[in-house]
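Generate the whole structure from the sequences, applying the supplied hints.
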Amino acid sequence: MSLLQVRNLVKHYRAGGLFRADAHPVRAVEDVSFDVAKGETLALVGESGCGKSSVGRTILRLQEPTAGTATFEGSDLFTLDRVALRRMRRRMQIIFQDPYSSLNPRMTVGAAIAEGIEIHRLASGKDVGRRVGALLEEVGLDPGYAGRYPHEFSGGQRQRIGIARALAVQPSFIVCDEPVSALDVSVQAQVLNLLADLQRDRGLAYLFIAHDLAVVRQIARRVAVMYLGRIVEEGPTEDLLRRPRHPYTVALLSAVPEPDPARQRPRIVLKGDLPSPSRPPTGCPFHPRCFHPRRDQRCRVEVPLLRTVGATRAACHYAETTPSPEEAIAASG
Amino acid sequence: MSRILDVDNLRISFPDGGSGRVYPVDGVSFALERGKTLALVGESGCGKSLTSLALLRLVPAPGRIEEGSRIRLGDTDVLGLKGESLRRIRGRRIGMVFQDPMTSLNPVFTVGDQIAEGVRAHFDVSRSEARRRALTLLQEVGIPDPAARLDAYPHQLSGGMRQRVMIAIALSAEPEILVADEPTTALDVTVQAQILEVLDRLRDTHGMAVLLITHDLGIVAGRADRVAVMYAGQIVEEAPTDELFDRPSHPYTQGLFASVPRITGPIERLSPIGGSVPPPGAWPGGCRFRPRCPKAFDKSETMPPLLPVGPDHRMRCWLAEPSEGGDGPLRFAQGDNPSAQGDNP
Numbered sequence: 001m002s003l004l005q006v007r008n009l010v011k012h013y014r015a016g017g018l019f020r021a022d023a024h025p026v027r028a029v030e031d032v033s034f035d036v037a038k039g040e041t042l043a044l045v046g047e048s049g050c051g052k053s054s055v056g057r058t059i060l061r062l063q064e065p066t067a068g069t070a071t072f073e074g075s076d077l078f079t080l081d082r083v084a085l086r087r088m089r090r091r092m093q094i095i096f097q098d099p100y101s102s103l104n105p106r107m108t109v110g111a112a113i114a115e116g117i118e119i120h121r122l123a124s125g126k127d128v129g130r131r132v133g134a135l136l137e138e139v140g141l142d143p144g145y146a147g148r149y150p151h152e153f154s155g156g157q158r159q160r161i162g163i164a165r166a167l168a169v170q171p172s173f174i175v176c177d178e179p180v181s182a183l184d185v186s187v188q189a190q191v192l193n194l195l196a197d198l199q200r201d202r203g204l205a206y207l208f209i210a211h212d213l214a215v216v217r218q219i220a221r222r223v224a225v226m227y228l229g230r231i232v233e234e235g236p237t238e239d240l241l242r243r244p245r246h247p248y249t250v251a252l253l254s255a256v257p258e259p260d261p262a263r264q265r266p267r268i269v270l271k272g273d274l275p276s277p278s279r280p281p282t283g284c285p286f287h288p289r290c291f292h293p294r295r296d297q298r299c300r301v302e303v304p305l306l307r308t309v310g311a312t313r314a315a316c317h318y319a320e321t322t323p324s325p326e327e328a329i330a331a332s333g
Numbered sequence: 001m002s003r004i005l006d007v008d009n010l011r012i013s014f015p016d017g018g019s020g021r022v023y024p025v026d027g028v029s030f031a032l033e034r035g036k037t038l039a040l041v042g043e044s045g046c047g048k049s050l051t052s053l054a055l056l057r058l059v060p061a062p063g064r065i066e067e068g069s070r071i072r073l074g075d076t077d078v079l080g081l082k083g084e085s086l087r088r089i090r091g092r093r094i095g096m097v098f099q100d101p102m103t104s105l106n107p108v109f110t111v112g113d114q115i116a117e118g119v120r121a122h123f124d125v126s127r128s129e130a131r132r133r134a135l136t137l138l139q140e141v142g143i144p145d146p147a148a149r150l151d152a153y154p155h156q157l158s159g160g161m162r163q164r165v166m167i168a169i170a171l172s173a174e175p176e177i178l179v180a181d182e183p184t185t186a187l188d189v190t191v192q193a194q195i196l197e198v199l200d201r202l203r204d205t206h207g208m209a210v211l212l213i214t215h216d217l218g219i220v221a222g223r224a225d226r227v228a229v230m231y232a233g234q235i236v237e238e239a240p241t242d243e244l245f246d247r248p249s250h251p252y253t254q255g256l257f258a259s260v261p262r263i264t265g266p267i268e269r270l271s272p273i274g275g276s277v278p279p280p281g282a283w284p285g286g287c288r289f290r291p292r293c294p295k296a297f298d299k300s301e302t303m304p305p306l307l308p309v310g311p312d313h314r315m316r317c318w319l320a321e322p323s324e325g326g327d328g329p330l331r332f333a334q335g336d337n338p339s340a341q342g343d344n345p
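If you read the protein sequences in the order shown, they are chains A and B.
Going by the numbering used here, the first sequence runs without a break in its numbering and finishes at 333.
Going by the numbering used here, the second sequence runs without a break in its numbering and finishes at 345.
To be clear, the hints were calculated from the coordinates, so they are not data collected in a lab.
Note that CB positions come from ideal geometry on N, CA and C, so glycine has one too.
Among the hints, a few may not be true.
Where chain B lies over chain A, by a calculated footprint (3+ residues, C-beta under 8 Å) [claimed, not checked]:
#1 127-135
#2 179-190
#3 205-215
#4 244-253
#5 272-285
Pasting the structure below:
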């Protein structure tokens, strides 16, 4: 039984504001379904505008869903009233890309971490301070920092503070929304190791939202690739990277720069830009940019559904014959 | 001789808030060659962007380039230039592309106008000729349907297209040198691949020298001819790209490599460098990497010069001396870096 089940999630944003109510809505998330098991990490990977962050925020009800269901620890998240939702937030937390913008600059770090403990009445009096100290230590910071303000810390330290604050309410699930994207590589590695340690020690489950497949490979055994609001491929990370079945995954993987001149792989340069999510293409969302030699009329009219092909599930009508980057480049001359 | 730019002992200082000054760029030397890419690699605050701004004399006040620094562009002493002659270097001989194209483009003029303005700033041509050249430039940077895009405004273009426009503007003056400061950092990885391909092609067809400023070792491999790694205002290691990736020798470079997650090979726990980069005022005496270095030893308390470690390969570390540790530059595999602590100061 999974910790979190998301089924047919849809999130549209009304576009155009006050004066253009008839504009096409932005279709940020279209029919997304997935499960996250206790203690595991599912990575949601994709490029800007693919809807990955909207999925994370909608599940936590930071934004209201347009349609779909989400069940967490047996509760239907999308029907909870305010009181029940607040109780539920103790179990599910979020950490952001930029911890600075999520920390109140006029609140000490200790007060920011204590807030959740006090709201949920998890401790009182001197116990609160003790818990704050223990949390700071757990994320690799000096407990004596509790009295300092966010601006006194480096980016990596702020991300640790953001993590400590999320942990303060003892969640079982954390949405990690690009938590290492803004960090320098050496600090990024520290935070990735910390997240792995916390998962091991506390049995946490993560929905890890990222754009970097190498980072995803480091932290998640399962991955779902999103493109224009839809999951186009999902499966065990190693299988998906070894033999991607959706042409978009093939292109995304081939574009990852490899820090090794001896391992330069052929790169598929996609033609054109990402279409606007307010006017997505008909049929397969990837068809206007697809390089699959078999793409045809069916791709233009019929939305492909996720189906098992090899070791992953891919939403491509012709996933059985998806070319490798080498084959695709050879075929295009 | 294909060297077209020489930077020698570049030092840039800023007031430290009290009566002293700090030196975020402290003694940087390198050369650029026609048709070649030099990558300047480092993390935030290492001084790589300030170094690139100095080439165009764009160091923001109250920063200043110190006496004794030298930048020579062919026969020209860049640091001695004033007024009009300085303006003729900027753009015309050294072009620049920045990380965020939206902040560099004027939102109220069309793309075509902005490129044509660049052309007319540097060449005495008619409006129609400038517009014709703008069209050619848009084609050259790979913008689809360039004739239609001439009349587009920046907000109507995607991030990748805007960066192509910025490259077209930089190219409009036909510079000998293109400085690209994190040109793809704000872009998605598939778009990044497109832009880097454009930059490589232009370098080859125009014979430009490219100075690529980046934090990403991945985009350096297979692209740059030479790499200089910066830490705390100094170059700490430099070598031809393949040599540097084969034999990263400075403990900081090795730490960077051990920190990067890979898309292939075994998945091991990352071995990050402990701590974080101290700000310019707080650099230690001696080797600046010393407090974070797993291999620091007594000699590290004296600042090492750049010492040879191999053919055309130098590093700023005493371990390069064969007498220290016996075997010259040490190699350690990923995962061998002593485990890092948290980034407590």
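query: Hints broken by the structure, by number, lowest first?
result: Number 1 only.
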